[in-house]
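Asks: Each chain, letter by letter, is given below.
There are 2 protein chains.
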Amino acid sequence: MKLVKVHVTLKEGVLDPQGKAIQGSLSRLGYDHVQEVRVGKYLELKVEDDQHIEQQIEEMCRTLLANPVIENYEYTVEEGVTS
Amino acid sequence: MKLVKVHVTLKEGVLDPQGKAIQGSLSRLGYDHVQEVRVGKYLELKVEDDQHIEQQIEEMCRTLLANPVIENYEYTVEEGVTS
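Residue numbers (the UniProt record's numbering), protein chains in the order written: chain B, 1 to 83; chain S, 1 to 83.
Simulated from the structure, these hints should not be mistaken for laboratory data. There could be a bad hint or two in this list.
[To be verified] Below, a list of computed lysine-lysine pairs in the DSS-like style, where the Cα atoms sit at most 30 Å apart:
| hint | chain 1 | residue 1 | chain 2 | residue 2 |
| --- | --- | --- | --- | --- |
| 1 | B | 5 | S | 11 |
| 2 | B | 11 | S | 20 |
| 3 | S | 11 | S | 41 |
| 4 | S | 2 | S | 41 |
| 5 | B | 5 | S | 41 |
| 6 | S | 20 | B | 20 |
| 7 | S | 2 | B | 11 |
| 8 | B | 2 | B | 46 |
| 9 | S | 41 | S | 5 |
| 10 | B | 46 | B | 11 |
| 11 | S | 46 | S | 11 |
| 12 | S | 41 | B | 2 |
| 13 | S | 11 | B | 11 |
| 14 | S | 11 | B | 2 |
Only chain B is shown next, with the shape it has when bound in the complex (with noise of 0.2 Å):
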């Protein structure tokens, strides 16, 4: 069992406006020292070995897990996950 941990980002230039808002509400909270807040996705995916892995994970970023249009990707494989 493999443990895969996918970071998905807004490309820069892309609007965030859920960090826009969580730093509109940090700053009322007193946080007014951050400037900008950009928000992703993290997901954790247990998958059983196979010697193809690191290309089907490539292939569900791309069709599933981000939008490449507006998304970045980006993946590390990790050994020896008990179930």
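Starting from the known structure of chain B, arrange chain S on it as the hints suggest.
Replies: Same frame as chain B, now just chain S:
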């Protein structure tokens, strides 16, 4: 300026319907060797330099960014981001 990277994840034992839905979709797309999907948030904050930054990030996580009852959070503070 510092770059703070925050990971917010559901605690173990807390149900993750979004993760379940993604796993179901992956399975229908043919990726049925994915055993489990857990979805979390990933936030990037640009914060002005401050000597109490770690303490403030800790407070922000507890009060706004995460729900400590059902979520765990982790963060790293990186140096030298140009705004």
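Asks: Flag every earlier hint the structure violates by its number, smallest first.
Replies: none
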